[in-house]
Amino acid sequence: MSTRLASGGRLLNKGRALNFTFNGKRLNGFEGDTLASALLANDQMMVGRSFKYHRPRGVVASGAEEPNALFNMGEGETFEPNQRATTTELFDGLTCTSQNHWPSLEFDVGAINNKLFSRFLTAGFYYKMFIHPRPLWKHVYEPFIRQSAGLGKAPKDRDADKYEHFYAFTDVLVIGGGVAGLQAARAAGASGAKVMLIEQTAHWGGRAPVDGGTVDGAPVDKFVDEIVSELETMPNVTMRNRMMGAGVYDHGYVLGYERVNDHQPEVGGIRHRLWRIRATQIVTATGAIERPLSFAGNDLPGVMLAASIRDYAVNFGVSAGDRTVVVTNNDDAYRTAITLKNMGLDVPVILDARPDGGGDLALQARELGIRVENGKGIAKVKGGKRVEGVAICSQAGEGAVLEEIACDAVAMSGGWSPVVHLWSHCGGKLIWDEAQAHFRPDVDKAPTDATGEAFVIAAGSANGTLDLAGILTDADAAGKAAAKATGHTPKRKAAPKAEAEEANAMEATWLMPQGATIKLRMKSWLDFQNDVKVSDIQLAAREGFESVEHAKRYTTLGMATDQGKLSNINGLAILSDALNQPIPQTGTTTFRPPYTPISMASIAGEARGEIFQPIRRTPMQDWHEENGAFFEPVGAWRRAYTYQKPGESVENAVIREIDQTRDKLGLLDASTLGKIIVKGPDAGKFLDMLYTNMMSTLKPGRCRYGLMCTENGFLTDDGVVARIDEETFLCHTTTGGAETIHGHMEEWLQTEWWDWKVYTANVTEQYGQIAVVGPKARIALEKLTDDDISAEALAFMAFKDITLAGIPARAYRISFSGELSYEIAVAAGQARALWDALLEAGAEFGITPYGTEALHVMRAEKGFIMIGDETDGTVIPQDLNMQWAISKKKEDFLGKRAQERTFMADPNRWKLVGLDTLDGSVLPEGAYAVAEGNNANGQRNTQGRVTSTYYSPTLKRGIAMALVHNGPDRMGDVIDIPKVDGTVIKAKIVDPIFYDKDGEKQNV
Amino acid sequence: MLILECPCCGVVGEETEFAGGGEAHLKRFGPGSSEENFHDYLFAKENPKGVHFERWRHANGCGKWFHAARNTVTLEVYGTYSAQTYEPPQEIKDKVSAKVPGWSWREFA
Amino acid sequence: MSKAVSALQGASYQGYVTVEELGLRGMITLRGDLASAKLKSAVKVAAGVAVPKQRKVSLDGDVGVAWMSPDELLVMVPYEGVEGAIASIDKTLKGQHYLAVNVSDARAVFELRGDAAAEVIAKLCPVDMAPGQFGPGDFRRSRMAQVPAAFWMVDETTIRIVCFRSVADYVFKLLKDAAEPGGEVGHFG
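Those protein sequence lines, which keep their order, are chains A, B and C.
Using the working numbering, the first residue of the first sequence is number 1, and each one after it goes up by one.
Using the working numbering, the first residue of the second sequence is number 10001, and each one after it goes up by one.
Using the working numbering, the first residue of the third sequence is number 20001, and each one after it goes up by one.
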């Protein structure tokens, strides 16, 4: 029985009881409990079933390293799977369920795996078993495996909580608020450096108050209280608990995962805050993790890490059992025996695998009357769903049972591994410490920052120093070194002194007993979460998976959500032994952030819902929204595709808009078009380099359509350039091109032609731009202005500053529809007013706002190209028969040299034509025209592809533009264009200008 | 995530403020250049393991282009400098030499 | 003539920091040789303040000039005064190589008010907003969540932000979200 004790519980507020629900059962705990301690206090030793064999599993640890106690937490929109009970603070009303079992935790069908098939479910089993026959995988094996394996359930509802980021900057970041972190922060802070100290739990002091000891003559918990108070008064030190150092990245970037209100969800506000910290120096005082021992049955509920049993007793007043057998290879576990004994619990025996046993602590244990057996270990743990006893054997032997001892808990300790994760995330190297049998930071190979200097210092037990006296000295030095590296002068104050005790050296014990038979090894677990046993690693080695990275993937050792915090070193040692090579030669796997899983929502931060991404709005956006606009994304803009009337289909709305515009009057919000001012004595010369045609000869007051290519010759943007005055041009770009083309201009000006006198400014958003289009455009505008906008005063391809509806405006006589058209630019702040005025003035002419689809169809009817439709980054202007827009007079322009390359001049390039379907139907977008024969891959040869295709209401049939092999020379030819359904559409090659070939309508 | 100092506005900012722009000190080959030169100008870019010279733009900042001398392995930044120059300044070259004796990059060493 | 309107027409939100769109402000992008005497005098005439140093802003109430880049300033004047200011710049810089262009309508301006104003920025921009690191007189262009923005402190508890007009709605919602009660961080004391 695990139960709540009358004594102990330093972290509890026993005055406040809390209710919570586990698997529908109502249970009680206290404020200060973790979910794990509260479950143990309620004798809920079994907390889940294992991943593969569905074996019963209990709480093993008391912190972030816990592999078993993972729960589905919450319900509905606060539901979250795989939450660790050991790091979940209990709150009133907490609801959780266990995972990995069906139909119930106590009776689980999957456990049959364990009884009947465990012999077969060895390393690589899934791979070997299910690789053939292939079709069965998708429909039979995978669904079955997914049902029986896996961890918690995926949430179904939208997460109701709120998350955010925070950017912080500090000289020194200390990660870990144990005694090492506290002392490092104090030492660094004393220098005046800006220090940030973060701790993943709710408490300062780490495990020192549990382990005990004396610092400067006072008990260590008193020391912790004092140093915390001192740090709180230092203005240059900020402290934050419930905040984990999740990852260390390049140049001192650290992610801090703050669980703001997980412990008090009723408060609301922010649930998790992801801190994006830049630290000049980082001290990792992340402590050490105790390792399990590998003996048969080490996964039974009731077998726990020795220090965790101590934590539960001291911190939470919870005993894992009445009779606890301690099994160890080091002195530290004796503390557990002593603690339990002092709390009035029974410790039948301490099994010390070392032939010579322990030091001072062993003496103390013996003095308390605890039986200590040196050179002994556990052959096997007895019990089904929890520990009932242990069979003792000689560590040196093969597991012959010497004696059986009844007990209900086993406290195991295989030594301690420094938490080197954060040290390693950004490239810090490790060395193998033979004496302590662990990897620790290689101080000579720390991660380096932007200046090439080391920026991480490990401190305390994270640095491999496991005794209190050593930890404080090491941490003090680390804090001072970090402060110094940030340009501050540390105070010459000695480190606090702890009393050192005589300890005997630990002895590496990778398998218990060392000669365990295969039967025992098949029940000796390494990775509890992924169900990997000693025998699996040995099998992997036999099958040739000798690299640690291969063995890891083959067996899945360390690949669960705990990332092998308990299993990696033990697994590595077993592998090294199987390969008959020393551990450092086998090496270790790579530590990757985050240290423990962090919520996906914290990574997203504020970027959810309405602010998931920026949506750009034109000055007329409200009108579009209020008038039935069906939107399409164009870059980050949402442009009206068409405006549907009630009951009208999208297709019919487009047809109506085109008909009305061609017959009478249309209105388009063209505000998204890019507008870039280019000014200076060299502006003309610059634009001549940028555009394929000549811009320097453009007269002020006139407009010219131009093409822009990249240096490799491909068409990248197009638009109308207006010359404002001798030195000033306004370049219109495509909607998507505004920022890129402005960037492109600045790039050339800053990096190639920096001696040219040209300034640019992106004024895209300064203007709302409205296209007034159609035969009635002029008379409608004339209602709103006294200025002369007649064909003579404002000719096609000219512009003029006028006053329209009382608003200063610039009217460009340009047309992308083939109709009489004015593009009116006004200050964005007055664009909506002008839009409304135009609607009113145009009402008598049947003015019809139209969307981007009508725009597209009308331009296609006119054979105008569209960047992104006719071009795809591989098309040159010559492919589009636009030689007329390529100056022959200019010696140079961007793309000119590239267009002279042999491939670009190849007469076999596909060229632009129009396509007329024989049956009048609309060709599918992106369809290919096929040619005779097949290519080397057995695919049909092609001779062209459709670039734009629409139903033309003007012509009342399908029209298309296409790039076709020798197209312009094949007018009248009929080509085949297959559809996805296998049928073929026949289309005739025609001129791509379908409407008003001579351009009479736009030039009136 | 890198931090870079923009030499144009003095901001020491994180990578998300900047946009990488590829190899530095490109020599443009235009009309009249040989096929080989033009090909190399467009496509044969340096991709060294170690010392590298790059162009960056302070895109979410002052908008200016600049050059950075950095190490693609250690991620050390030796320095950032003006985009209006044909070769790395001596001071930058000296900094690289101090850290990586015997380095060379294209025609520079 | 109809009255010009700003993107959000003065929308505001009262959180633990107050967020307010300030309506239309006159703004001129002025590019040129910032060291030249003529440009300095043009700025003085147009805005009444001196050319600010690198990453600084010179302010006189709502009028001011911000340093945008080594060859660019943002001249801030009353909305109605823009044309006049540009005309005066044009006059002073006649014959020089420069660019002065009205960008008033291309921008949105927000103000944050409250003791924790800097904290709201620190949730959205990768900039050290700690006291002593960023204060009145400083001007910073950076990234605000997913869009470019610039900001400066009017005083310790007042920050102004400029962004593009098209993303005014996004930026307002960002600031609102960050200023929502329950999000207090308390990192800056």
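It is worth saying that the hints were derived from the structure and are not from the lab.
Keep in mind that a hint or two might mislead.
Said to hold, decoys possible - Mimicking PhoX-like on lysine-lysine, the simulated pairs with C-alpha atoms at most 25 angstroms apart in a straight line are:
1. A:896 x B:10095
2. B:10027 x A:445
3. A:988 x A:956
4. C:20003 x A:800
5. C:20094 x A:757
6. A:445 x B:10045
7. A:14 x A:341
8. A:956 x A:645
9. C:20091 x A:699
10. A:156 x A:25
11. A:800 x C:20094
12. B:10027 x A:429
13. A:757 x C:20038
14. A:699 x C:20056
15. A:800 x C:20091
16. A:757 x B:10027
17. B:10027 x A:685
18. B:10095 x B:10049
19. A:491 x A:222
20. B:10049 x A:890
21. C:20040 x A:757
22. A:429 x B:10099
23. A:685 x A:997
24. C:20056 x C:20044
25. A:685 x C:20040
26. C:20038 x C:20091
field: Structure versus earlier hints - violations, ascending order
entry: The structure conflicts with hints 1, 2, 6, 12, 14, 20, 23 and 25, although it agrees with all the remaining ones.
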